[in-house]
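Trainee: Now for the letters of each chain:
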Amino acid sequence: MNNPHHLNPTSLKSRFTTRFLRALTKIRAQKPISSSSPTEIFRRYRRIKVAADKSMAYSVRSRRIWSRAMLWKLRSRSYRRQDPCSGRRSGKTNQAIMKKSSNENTTTRREDGVGFVEEADELRQLVPGGETMNLCNLLDETAHYIKCLTTQLFSPIGKG
Amino acid sequence: MQPCSREMQAMNSLLSPTQQIPLQDLQPNGNSGTHQAQIHNPQFDPTSSHDDFLDQMLSTLPSCPWSDLKSPWDPPKSDETPPSNHDNNVGFHYDEILASKLRQHQINGGGGGTTAAMKMMMQQQMMLPGRLIAAAGGGGLTMPLHNDIVDGSSFKSPNQQGGEGSVQALYNGFGAGSLHGTNNQSPNQPQHFHHPQGGNMQTQSFGATAGTVMNQSQASGSTTGGAPAQLKQRVRARRGQATDPHSIAERLRRERIAERMKALQELVPNANKTDKASMLDEIIDYVKFLQLQVLSMSRLGGAAAVAPLVADMPSEGGDCVQTTAGGGGSLQRNSNGNQPSANNDSLTVTEHQVAKLMEEDMGSAMQYLQGKGLCLMPISLATAISTATCHSRNPMINKGSSSNHPLLQSNGDGPSSPSMSVLTVQSATMGNGGLDGSAKDAASVSKP
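Taken in sequence, the protein lines are chains A and X.
Numbering-wise, the first sequence is residues 1 to 160 according to full-length UniProt numbering.
Numbering-wise, the second sequence is residues 1 to 448 according to full-length UniProt numbering.
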């Protein structure tokens, strides 16, 4: 490996960078850069953001709860865009599944016995897929999520 | 493993025959103590908690006379008398013994016949950090436990790179939060953050494990004693020793949560909060900050075209960045009257440097900026701030050339005029859409 940035070809950083680079080249190939109207810029920004989220979620695959939740969100969003009816259907069934699992494990307002309910709820909103986790798993997922976010920010792509 | 490797290097350099400090100056007694300190101090740079400990221990050496050393090994010197007994602080003895052994070997020339003793000393040296910290914590029972724990927690800090440290340093300044110029830390400091945190971590995990070990030992002692007592009446269980399965499960849960919180503490900067609730708040703010940064970076990428790493068209990205930098540079010349000339030159140089860095790696650009005590901020915010503080003597400067970062720090160098940011608005390729969005970002970032 003569790339000085990647210490380990199978590390999270290198997986994310390769995937993200691929996605960015695809985006670049699609549209010319000359368009500078605000809507175009915004659309482009959305595409890049989705590409970043997607490449990060795919680098982690299904090993983490938050990556699974993120992948599901991305897929349902793309389905909804393609075909509104099917999107609604799949969205409903998926939401039913999620609600059911959340009722099984927990109540929506968790009282964990440790006393950090407000903060935990806020953290659940931040971390994707956090609503269905108890505090213990939530902290675990948060740690991994933070690690992945910093990988994204310090990838050699730089997004600049 | 960094401290151990450093100590190994120090040991190797000390024991090598080629030494800068002349051997013939070493005397058996008083002088060698000071030489010892001189030898040790340049080798051990105290940037990690392990080395801090060792440095402290070793620096106390010259103060205590050699006659105080208790030496289980019989030294060949006849001058050394058996020392008085120190009941506490076994670790000190280990270190002094080791140092005396070292010195003796130095005086003897560090010959080849003592390789076995060298190896033993090396091993002793390797085990020292664990033993020292164990001794400081008190309780000889817990020493083997702590070796694992210390090694485990010390593994984490070397894994984190300097880049992440700069994000955390940025976040620190952001959290310190006022818009009126806080002085930023130097680039060396982000690495220092980890080690105090590592030190805190170790001492905390230290205290926690000592507590649990004590609990376990007490529990084992009391359960044997509690069985006959239960015949008479129901004894109320002491705290941390409940035998009820529900409370045991609760306790396990709490312990697991505490473990995870400790792991998170290492990731998040400003982790010196002892209160769990405030620690959670800190975690929440950090996650929000990181998400915003990712968003703003992708926005920057969307507006200014994808980075030159993409092989197709590197020139375009470079052009965009250069025009903004050029715009900024020309602005400096335009607003010459408002600023001293020395600031002008340094600012243009800095801007060019930042623009160059942004082409390759955003992270390094941010580190560079932070090292200079500057940051990027959205132009709308900069305009608002400059109009608000235009009349006050509080000087502020901002790099408006890259307008889409919602980082909220600033450091003062010279007064900024609203005209400067207006001109950068016109010259920037971002357009109005980006600015509106960034204004929203700026509003959401400020704390209520």
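Since the hints were derived computationally from the structure, they do not count as laboratory data.
Please read all numbers here as calculations on a predicted model, not as lab measurements.
A hint or two may mislead.
Taking lysine to any residue pairs in the SDA-like style, the calculated list, with each CA pair at most 20 angstroms apart, reads [what the hints assert, rightly or not]:
no.	chain 1	residue 1	chain 2	residue 2
1	A	K147	X	R253
2	X	K273	A	A120
3	X	K288	A	K26
4	A	K13	X	L295
5	A	K49	X	Q291
6	X	K276	A	D121
7	X	K273	A	K54
8	A	K54	X	A249
9	A	K26	A	P156
10	X	K276	A	C136
11	X	K356	A	D140
12	X	K262	A	N137
13	X	K273	A	K13
14	X	K273	A	K73
15	X	K288	A	L126
16	X	K262	A	C136
17	X	K288	A	V117
18	X	K288	A	I146
19	A	K54	X	K288
20	A	K49	X	K288
21	A	K73	X	L295
22	X	K276	X	R253
To spell it out: a stretch of chain X is covered by chain A in this simulated footprint if at least three of its residues, at any positions, have a beta carbon under 8 angstroms from a beta carbon of chain A; those stretches are [as the list claims (entries may be wrong)]:
no.	region
23	253-262
24	275-281
25	292-298
Note that beta-carbon positions come from the ideal geometry of N, C-alpha and C, so glycine has one too.
Trainee: Measure nothing beyond the straight line between the CA atoms of K273(X) and K13(A); if it is 20 angstroms or shorter, mark the hint as holding.
Mentor: Violated, at about 30 angstroms.
Trainee: Run the distance test for K276(X) versus D121(A): straight-line Cα separation, threshold 20 angstroms.
Mentor: holds (15 angstroms)
Trainee: For a C-alpha distance cap of 20 angstroms, please report whether K276(X) and R253(X) respect it.
Mentor: Holds. K276(X) to R253(X) sits at ~15 angstroms (cutoff 20 angstroms).
Trainee: For a C-alpha distance cap of 20 angstroms, please report whether K49(A) and K288(X) respect it.
Mentor: Holds - the C-alpha atoms of K288(X) and K49(A) are around 16 angstroms apart, at most 20 angstroms.
Trainee: Hey, K73(A) versus L295(X), does the alpha-carbon distance stay inside 20 angstroms?
Mentor: holds (17 angstroms)
Trainee: Does the region 275-281 of chain X contain three or more residues whose Cβ lies closer than 8 angstroms to a Cβ of chain A?
Mentor: Our answer is that it holds, as 4 residues pass the Cβ test (under 8 angstroms) against chain A, meeting three.
Trainee: Just to be careful, I want the Cα atoms of K262(X) and N137(A) compared with a cutoff of 20 angstroms; is the pair within it?
Mentor: holds (14 angstroms)
Trainee: Verify the proposed pairing of K54(A) with A249(X), using a straight-line Cα cut of 20 angstroms.
Mentor: Roughly 38 angstroms between the alpha carbons, so the hint for K54(A) and A249(X) is violated.
Trainee: What's the verdict on K273(X) and K73(A), does the C-alpha distance respect the 20 angstroms limit or exceed it?
Mentor: Roughly 35 angstroms separates the two Cα atoms, so the pair is violated.
Trainee: Within a Cα-Cα threshold of 20 angstroms, do K288(X) and K26(A) meet the stated pairing?
Mentor: Violated - the C-alpha atoms of K26(A) and K288(X) are around 29 angstroms apart, more than 20 angstroms.
Trainee: Holds or violated: the region 253-262 of chain X covered by chain A, criterion of 3 or more residues with Cβ-Cβ distance under 8 angstroms?
Mentor: Held - the region 253-262 of chain X has 6 residues with a Cβ nearer than 8 angstroms to chain A, which meets the minimum of three.
Trainee: Given the proposed pairing of K262(X) with C136(A), does the C-alpha separation stay at or below 20 angstroms?
Mentor: The hint holds at about 12 angstroms.
Of the numbered hints listed earlier, those contradicted by the structure are 1, 3, 7, 8, 11, 13, 14.
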